[in-house]
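Just remember that my numbering sits 8 ahead of the position in the sequence shown, which is counted from 1.
These aren't lab readings, by the way, just hints derived from the structure by calculation.
Listed next, with one range per pair, are the computed distances between beta-carbon atoms:
no.: 1; residue 1: K262; residue 2: T91; range: 27 to 35 Å
no.: 2; residue 1: A117; residue 2: I154; range: 39 to 47 Å
no.: 3; residue 1: D123; residue 2: H189; range: 25 to 33 Å
no.: 4; residue 1: P87; residue 2: Q185; range: 33 to 41 Å
no.: 5; residue 1: Q59; residue 2: E171; range: 34 to 42 Å
no.: 6; residue 1: V148; residue 2: S272; range: 21 to 29 Å
no.: 7; residue 1: S76; residue 2: K136; range: 41 to 49 Å
no.: 8; residue 1: K28; residue 2: G204; range: 46 to 54 Å
no.: 9; residue 1: E22; residue 2: S142; range: 48 to 56 Å
no.: 10; residue 1: F152; residue 2: G204; range: 14 to 22 Å
no.: 11; residue 1: S180; residue 2: K136; range: 38 to 46 Å
30 Å max Cα-Cα, derived DSS-like pairs, lysine-lysine:
no.: 12; residue 1: K260; residue 2: K193
no.: 13; residue 1: K193; residue 2: K253
no.: 14; residue 1: K253; residue 2: K27
no.: 15; residue 1: K27; residue 2: K277
The C-beta atom is built at its ideal place from N, Cα and C for all residues, glycine as well.
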Amino acid sequence: MMQVLQFKNLTDNEKTLVKKFVLQWESACIRLCELIKKESTDIFAVFDNQQCKAVIGNEKIITHCIPSPCDEIARLISPLFNTDEIFSINGDRTGTDFIAGILAAKGKAIAYRYDYILMEKREGIFDKSYTALSGGEEIVPCAFTIDSLESLKTLQKDYLNIEVARPDHTVSDSYVQATLHQNLKSQIVLSVEVDGTPQAKANTSGSGWNFVQIGGVYTSPQFRRYGFARALVATLCNRILRSGKYASLFVKEKNTAALNLYESMGFSKVGLWSIAYY
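Can you build the whole structure from these sequences, using the hints too?
Okay, here's the thing in structure tokens:
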């Protein structure tokens, strides 16, 4: 019998089954993996005779691992979603479309969506030719300090407005500050400084059991084509791979320049990923 269960109520064996299930698609659902690691009360799993069939993170940002969607799973998970509180659905495109269909049946329409390519890098440490910059600029580790918060806020705001926010929205200064604060506190954040001012940045944005996700890659328009993004991503990859984990990232489907860059750096396309905003 197929049933949906809250993660906190699972047995130790069932929790192990959930982890093994999600590990098969780990790089596509890093945020979900982090919730499972924390044993969050917002995690729900669909079981069918002691076999895990789907896992859902039911926060304002819905995350998911639903490789084989079906009508019975839709029926079971539909009551989980409070349509008044949902901000977005983030995850593998098939699962995002599946949940979006459930919400559409409840009268909740997508306001906007971004489609991405999921890419992974599992081997290949970069040499100094990738991490060095021809103009003598330095890659600077950004600590959790007032100075870092202040110096990076313009880059962070531009990144969020161009790469993350809906086209008809502008992110607030408080949101910029909050996301930057969280990144500096819990992630690896690197920047490239020109005359003492950060002009490019990149950071890790989440960590599962085997993968570390890279995000927040952004260069000021006047300093593009100087190799800043490549050097930052290569430096992050080296740290990740040397720690024994793999690197993953998302690239907008229409961003051919970024896709070509990451492919030239040894990243492989492994899937399709979408964010649907409400």
